[in-house]
Amino acid sequence: MSDNAGDITILLRRWHAGDHQAGEEIFRRLEKDLKKIADRCLAQENRKGKHKHALQRTDLFIENYLRLAKQNKVVDWRDRGHLFAISTINLRRFLIDRARIWPKPDVSIDDLPEGVLAKRDSMEVRMDADRLLNELEKTKPMTCAILVARVYMGYEVSEIARIFSLPLRTVERHLHNGRKWLFEKLKRKQD
Amino acid sequence: MTMDPAEQRDERVMTLVAEALKTPLDQRDSFLLAACQSDPDLHREVSEIVKWEEQMGSFLSRPLISFIDLDALEQIFEPGQIVNERFEIVRRLGDGGMGVVYEAFDNTRKRRVAIKCPKPGYDELLPKELSALDVSHPNVCRVNDLHTTKTDLGEVRFLTMEFLDGETVAERLASGKFEEGDAWLIARQLCSGLAEAHRSRILHRDLKPGNVILCKDKDGSLRAVITDFGLAVETSDVRELEGGTPNYMAPELWRGAEASRASDVFSLGVMLYEMVTGSKPFPALSKENVTFPPPVAPSKVVKNLPRRWDAAILPCLKENPDERPSAQEVYAELGHIPFYRRPEVLAVLAACLALATVGALQISERLKPPPNKLVILPVDAPGDLAQRGQTILTAAARRIEQVQSGQPTVSVVPPATVLTRGVTTPQQATDIFGATHALQLKLRPDADGVLANEALINLATHENMREYSMHFSKADLADRKTFDDILTEGLTGTVTWGLKVQRKQRTVKQETVAPAAGAAYKNGRDYLDQEPHDAASAIPEFRKAVELDPHSPLPLAGLAEALARQARGKGPFMDEAYDLLNKAEAMAPDSPLVREAAGVLDQFRGDNDKALGNFGRAEKVEPDNVNVWLFSGISHELKHSPDKKRTDDEFDKAITDYDQAMSADAHDYRPHIYLGLLYRDRGEYFAAEREYSLAHRLAPDQVDVTSSLAAIYDQEGRHPEAEVLYRDALQRKETPLTLNNLGANLVYQGRYREAIEYYSRATQLAPDYYLYWMNLGDAQLRLGEMEEARRSYQNGADKAGAHTRQNHNSALAFAYLAYFEARLGNKDSESNIETAMDLPGRDDQVIICAVKTYEALNDRKHAISAASQASPLTVQDMNRRPDLTDLSHDPEFIKLLQQKTAQ
Chain A
1038 MSDNAGDITI LLRRWHAGDH QAGEEIFRRL EKDLKKIADR CLAQENRKGK
1088 HKHALQRTDL FIENYLRLAK QNKVVDWRDR GHLFAISTIN LRRFLIDRAR
1138 IWPKPDVSID DLPEGVLAKR DSMEVRMDAD RLLNELEKTK PMTCAILVAR
1188 VYMGYEVSEI ARIFSLPLRT VERHLHNGRK WLFEKLKRKQ D
Chain B
101 MTMDPAEQRD ERVMTLVAEA LKTPLDQRDS FLLAACQSDP DLHREVSEIV
151 KWEEQMGSFL SRPLISFIDL DALEQIFEPG QIVNERFEIV RRLGDGGMGV
201 VYEAFDNTRK RRVAIKCPKP GYDELLPKEL SALDVSHPNV CRVNDLHTTK
251 TDLGEVRFLT MEFLDGETVA ERLASGKFEE GDAWLIARQL CSGLAEAHRS
301 RILHRDLKPG NVILCKDKDG SLRAVITDFG LAVETSDVRE LEGGTPNYMA
351 PELWRGAEAS RASDVFSLGV MLYEMVTGSK PFPALSKENV TFPPPVAPSK
401 VVKNLPRRWD AAILPCLKEN PDERPSAQEV YAELGHIPFY RRPEVLAVLA
451 ACLALATVGA LQISERLKPP PNKLVILPVD APGDLAQRGQ TILTAAARRI
501 EQVQSGQPTV SVVPPATVLT RGVTTPQQAT DIFGATHALQ LKLRPDADGV
551 LANEALINLA THENMREYSM HFSKADLADR KTFDDILTEG LTGTVTWGLK
601 VQRKQRTVKQ ETVAPAAGAA YKNGRDYLDQ EPHDAASAIP EFRKAVELDP
651 HSPLPLAGLA EALARQARGK GPFMDEAYDL LNKAEAMAPD SPLVREAAGV
701 LDQFRGDNDK ALGNFGRAEK VEPDNVNVWL FSGISHELKH SPDKKRTDDE
751 FDKAITDYDQ AMSADAHDYR PHIYLGLLYR DRGEYFAAER EYSLAHRLAP
801 DQVDVTSSLA AIYDQEGRHP EAEVLYRDAL QRKETPLTLN NLGANLVYQG
851 RYREAIEYYS RATQLAPDYY LYWMNLGDAQ LRLGEMEEAR RSYQNGADKA
901 GAHTRQNHNS ALAFAYLAYF EARLGNKDSE SNIETAMDLP GRDDQVIICA
951 VKTYEALNDR KHAISAASQA SPLTVQDMNR RPDLTDLSHD PEFIKLLQQK
1001 TAQ
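Chains as they are written, first to last, in the working numbering: chain A, 1038 to 1228; chain B, 101 to 1003.
Rather than coming from a laboratory, the hints here were simulated on the basis of the structure.
No experiment lies behind these values; they were computed from the predicted model shown.
Result set (DSSO-like, lysine-lysine): computed pairs, CA atoms no more than 27 Å apart in a straight line:
(1) B:K151 with A:K1222
(2) B:K403 with B:K380
(3) A:K1073 with A:K1175
(4) B:K250 with A:K1072
(5) A:K1222 with A:K1177
(6) A:K1224 with B:K151
(7) A:K1217 with B:K122
Start from the sequences and build out the full structure, keeping to the hints where you can.
Take a look at the structure:
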């Protein structure tokens, strides 16, 4: 990759300060990875195959761009990872808005400890998880984005580290924190 | 990357967590205590995380979705899938960064096609206007159509295009530079293709070795085809170059200028340079270093390379686009390169290509690839048995191909190929050959003999579909008959039963001919069953057979058919034909050969519906009879007329019939001739060329087939190649068709004097055929030999006139008559040409004749109006014809040509 994390941070600052050219430059540099995020979402979306008007990756890319541009006025970008985190959340939100059915992964009941599962079926767990993710997003956006990237988009931990420009162990920590948070909430609901 | 303190903490904590979780449960506590000895905070932090992990188990530790495979996502179609109820996907051929290419079989047009579709997200790469791709040139990949289909991924648009069997220039370059001769041939063809596209105002934008496919032409010559014309919207972008991707982009494009003809020519130059020298003209480019120092002349890089190459290539590489030549000029420059080794090199190259495409050739023999592909894995046996087992496998492979009837169900990868590719496992059979099934033979010697075990494996499910063991004694082993033959049959059976292969069963003929009459009858049939039919020679043979065996309906039917063909539907012969047919029908009304004869007679009477009924009955009884499928196809073609508006439907039916004929006998060349003719009449010269080539391969001795193939080359403007074929055919046999075609070929090349020689010879051999007279007269006229020309036209007028009196419906005869009369100054000409244009049999040949007539009458207005009724390709042909040069310069005609080309 030719883009240097530091450069991007500077560009983000400039963009936030109103430099449109910097915004364009960011997208030119990060296009590949942003499109990858769009692809992952699409893989989810299109996997269902039931949609009359399946999305194109370009649609998602543009959607994300528009949302980011709007957010640029209120969000003070920290760095490249921040931008990607917001992008992941943007797309998830867009897909939920659009279909109200995302994320709807093939949750395997075997994966859920009995305490969490109790008498609920996997559908219920899924709905709860979805609601809780919205909550997590407000308090810990980065943790939420990383959890979504791993659990709902299927990224490898190492890929997440590269895309979000974070050390591997930091990503692991976010993942742990996110899972723990969700686990506790689900369990508490049960109790 | 520098870490902030929090990240450093994460690093320490999570590394310990990972290690702890790897430690057995009962040792974890002691491990953590030891690891965090000096740091109680750390110990607390790590322990808590580990505890939570123990409690959560695998909760959300893995992706919840069942593994997303982006590569699988890019599999838009799957082999075996039928898209839009028409295109059967055969295999994935390749992967451009932005699109995927599949080989498919077009069930409607009965031909192999390539399908190109953009990967998800790259839909914008497909052109908006398909007409922009409609460059018709042998060296430009022909794009058929743009389609849309629904898939799991949503709506997918895809292009269908000509299927090209071969390797790319990039693949060839991987093994070094080209032989000069090959390079010259390819270079000329590339220039020619590019020039044609540029003439049609189409830019390539991304010309590179990966976009040029080298295919073999069945006669051994080479065809270089430029693909992806106008598809390259995003030219190779700057970032790609960081990985060292070779690039062919012109300097001005690097500076952000728009693509132009000159930038295409630059790419061409880089590619040609690479082909002749094996190296690139410019040092590797990168984002930092975009410089184009003057390249070293190719003749300095390669010893003994003629300087002319420098003159052709170097100007293309000029930094200033305005200084570069046009593709046409490069073509001309290449023409100056003396080149003597052509035939030799051609043969060598053809051999290389043939090796690369052995499998494909076997498929195209039957046109439609079978749905199953079987790999026979190398025999699993010790020592001597291995070799014997391999021989058996080879025999079984051949047998499996042989026993299949109709459309083959399975194609077999030859065991020798499997061995040379080093394939030994079912997985490799899938990966390397894309096989659907594998056959495995194990031979295990034991005390009493050998235990043979055979298994047919479905490679999609990895299940053994059939498994079969058999013990052979030592005595069995010694006897070739028992061991080898039984195993061969057994293996064949395993495959044919397992894959439900329809095995051949010859229909038993209901009627026979007495042995005494057999020879004569067979001779008669042979004369009739060749193309063109030789009815005149067949008649005496059948007469003899009727005499020798008056009780069989077969000679009667044969004689009836021969007489009808000889009489062309008119005169006393025709009456005799009906009498004979009645007699034959009285003896055996359901005999397929009697129905065939009846159908032919119907055809000559112009009652094609009735003919189709007769052929249909014959097809039912004897589906293996090639003749009836062919004749039924002809009837469908004859039913088509411009006024009845059922063109495509009847044409499609005819194509289906010819396809059936091919299935009935894959080794008969005639179905390909019929199909080729059909395509030619529709102006689809590429399809026609393919069919003629197949026919040529099946019947290399039929000189008229060779000539027909050459004629297609002429249509495509490949005159020197055609000339070689004609001369080859003439050496074997002198036929009027070949003589005439060679004459025409020479006229195209401007060699009128030589042409007259061949035309005259054609008229001597076939004085009744007025077309030859026309050609002779035209050539003589061109050389100013007025008297001779007049004599030729008069002869032609006599013959055509006689034909119009015999057959009032022959549009072609009227058209020719009109032309001759125009040349002779006879005022009936105009009314005759009107008659010709009004007759239902009016086709493009008649239109060409009409245009020529009006031109001869100096009536440009009518000439153009007649031309406007022809198909686009015919109009393009008119544009090239030496006898219509004046017309082709008329602005009105140029306008028409543009309209037609845009269609």
